[in-house]
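Each protein sequence line maps, in turn, to chains P and S. Per this note's numbering, the very first residue in the first sequence carries number 1; after that it's consecutive. Per this note's numbering, the very first residue in the second sequence carries number 154; after that it's consecutive.
Hints were generated in silico from the structure; no laboratory data involved. The beta carbon of each residue, even a glycine, is placed where N, CA and C say it ideally should be. Hints are not guaranteed to be accurate.
To be verified - Examples of chain S residues lying across from chain P (beta carbon under 7 Å, computed): (1) Ala340; (2) Val540; (3) Trp543.
To be verified - Restraint ranges, calculated between C-beta atoms of paired labels, are given here: (4) P:Leu79 <-> S:Arg644: 28 to 34 Å; (5) P:Glu35 <-> S:Leu284: 47 to 53 Å; (6) P:Leu142 <-> S:Thr445: 48 to 54 Å; (7) P:Leu79 <-> S:Ala633: 42 to 48 Å.
What the hints assert, rightly or not - Where chain P lies over chain S, by a calculated footprint (3+ residues, C-beta under 8 Å): (8) 363 to 375; (9) 566 to 574; (10) 581 to 590.
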Amino acid sequence: MSDTTSSSSTLIGRIGGLSMLALAIAYGIGGSRIEYAFASDPLGPRVVPVLLAIILTVLCLFYLKSPGTAEAFPRGQLLVRIVAVPLLLLASALLLEPAGFAASIFLLTAGVGWIFGAPLRLALIGAAGQALLWWSVFSYLLDVYLPAGRLFG
Amino acid sequence: MNLDYLWNGFTVALTMQNLLIGLAGCFIGTLVGALPAIGPINGIALLIPIAYTMGLPAESTMILLAAVYCGAEYGGRISSILLNVPGDAGAVMTALDGNPMARQGRAGEALMLSGLSSFVGGVFGAVGLALFAPLLAGLAIGFGPAEYFVLMVFAFATLGSMVGSQPVKTLIGCTLGLMLATVGLDATSGAYRFTFNEPELGDGIEFVVLVIGLFSVSEALLILEHQASGVSVIRELGRMTARLDDIRKSVGATLRGSVIGFIVGVLPGTGASVSSAVSYTTEKRISDTEGTFGKGDVRGLAAPEAANNATACGAFVPMLTLGVPGSGTTAVMLGALMLYNIQPGPMLITERPEVVGGLVASLFVGNILLLLLNLPLVNIFARVLTVPNWLLVPGILVLSIVGVYSTHASVFSILLMLGIGMIGWLLRKAGFDMAPIILGFVLGHVMEVNLRNALAISGGDISILFQSKISIILWILAGAMAFMPLILGWRRTRAAKAVQAS
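For reference, chain P alone in the conformation it holds in the complex:
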């Protein structure tokens, strides 16, 4: 059992290492093609990115040789809950300007609260409380600009 877990975590480490290697190569190629009209120093804007790409490539090769231990990936219901949190963040970010801070925060806190195991009713009450609390703290107490929303405003 432990063998399967460690081999799957090594596999995850290898996939991660290969992705970073791909990133290093892409970054290096991108860096070598930076266009510029003038440079007031002998290095110019390209050399440092290319150097960094080479360093990352070498480090990735070392890493791929022994990726060490990685945590097992979540599966099943937990994976669904984990994916739901960034989706809720995405939704509330996109709703922030059209629907306003209070509505988008209500959606976020109710959804995330529910995902974290609160009964739906409590999650909704908690979310209403948080939306009210944060809106008053930031807009009135700390004078931080937050959108009121085009739909309602």
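With chain P held as given, fit chain S onto it using these hints.
Relative to chain P, chain S alone:
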């Protein structure tokens, strides 16, 4: 030694506004430290944009952030003792003897005694900082661009050898941070680098977006994954004063812990988790003659608590004098200074004495405030531990959104934070530490500018990086730091093989 900057600093730290800001910071810091879900970096990352948009001057922001940092080191002990779950990385060792004390019905005594040790460690660290900072800044005053570049190389080398069990991961983290720092307009050539024609990336990736993404968003996902079950808070605190006998017994441990903590704090790249571990194991070796460590020995509680608070202050020495952070949290604070267009370095004490002096003086004031807050109010802080994650985590996410949105009023920043948070989560699952990325990002721009300036001075001759005595010493130190773990690892494998063969 000229300590004028410190006396002037007290006039800054003792204004009514800064006292109130310091008090608020101490309170927030203790809360942040006590809650296992958020550590000092998250607390500071969330406060930076809010302080900035509120228009606080640089010195007040620094006082606020330093108070949060020190407060978190005090607060971390509360959940270590009552929950056996460290509130922050520096409090891991506190649980070893603190929690057994609590189980014996001596939670109140453990909290009081560790509060006193924290205070001694904190004040010792502040005195060390006040004395050392001008000395080190004086030494570094002859640094030119070449020396600065080598200093940064040295900082990365120490980080690789000291943080974590896998130096390769730390170095990859640093490189990723350096790469992220290259995004945006290159001031010397006017070229846009890695902006993908996105105007919002023209100024580069916002520091706040990166820190909040890496620490808060990824943290929320990790909390969900590891949602603790069956952890029980010890509610019976018992007697709420420390016994005189115990105080007497722990004086030596507290002082030794303070010294170790300060020294480890000054070294770049090492934080409170290293210092508390070193001080605990040292104290165990020196004092544990009866085998009582780990079973509720007050010395095992006092040493790491004093150490992690002394480390918090020690970490400011390289940050304020050389512009090289001593820990992950000071790396974030360095980023905050840069938001105010303040470039840390040896000239900081002379150019911005109010910021350095105010910060150092506020550490003295802050430690007194923290002691006053932590002894009588420990009951209230202990109750915070019962706030459920379903209220806490959405709150952290709301603060993340507000923090990122408030600096530039742009939804793009929130989306970028989300993307960075997801990548951070994957990296953390693969065992990467986030602090090196922040360090690389914060130092990346300065490092590149100094390298290019040095080569502009020499007309492209790379030997300028090896010319001065300071540079050569720093290269040797960096080399020693980088290769030490490899040599030690090789010797260990050889010894293991020899044992196997025999």
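Structure-based check of all given hints:
1. The restraint placing Ala340 of chain S at the interface with chain P is violated, with a minimum CB-CB distance near 10 Å, outside the 7 Å limit.
2. Given the 7 Å rule on beta carbons, the hint for Val540 of chain S is violated: about 11 Å separates it from the nearest Cβ of chain P.
3. Using the Cβ-Cβ criterion of 7 Å, the hint placing Trp543 of chain S at the interface with chain P is satisfied: the shortest such distance is roughly 4 Å.
4. A beta carbon spacing of about 43 Å between Leu79 of chain P and Arg644 of chain S contradicts the range 28 to 34 Å that was offered as a hint.
5. At roughly 51 Å, the beta carbons of Glu35 of chain P and Leu284 of chain S sit within the given window of 47 to 53 Å.
6. With their beta carbons about 49 Å apart, Leu142 of chain P and Thr445 of chain S fall inside the hinted range of 48 to 54 Å.
7. A beta carbon spacing of about 45 Å between Leu79 of chain P and Ala633 of chain S agrees with the range 42 to 48 Å that was offered as a hint.
8. Remark: the segment 363 to 375 of chain S is confirmed as covered by chain P, as 3 of its residues place a Cβ nearer than 8 Å to a Cβ of that chain, reaching the required three.
9. Coverage of the segment 566 to 574 of chain S by chain P holds. Counting CB-CB distances below 8 Å, 4 residues qualify, and the rule asks for three or more.
10. Only residues whose C-beta sits within less than 8 Å of a C-beta in chain P count toward coverage, and the segment 581 to 590 of chain S has 3 of them, enough to reach three; the restraint holds.
Hint compliance for this structure: hints 1, 2 and 4 are broken, all remaining hints hold.
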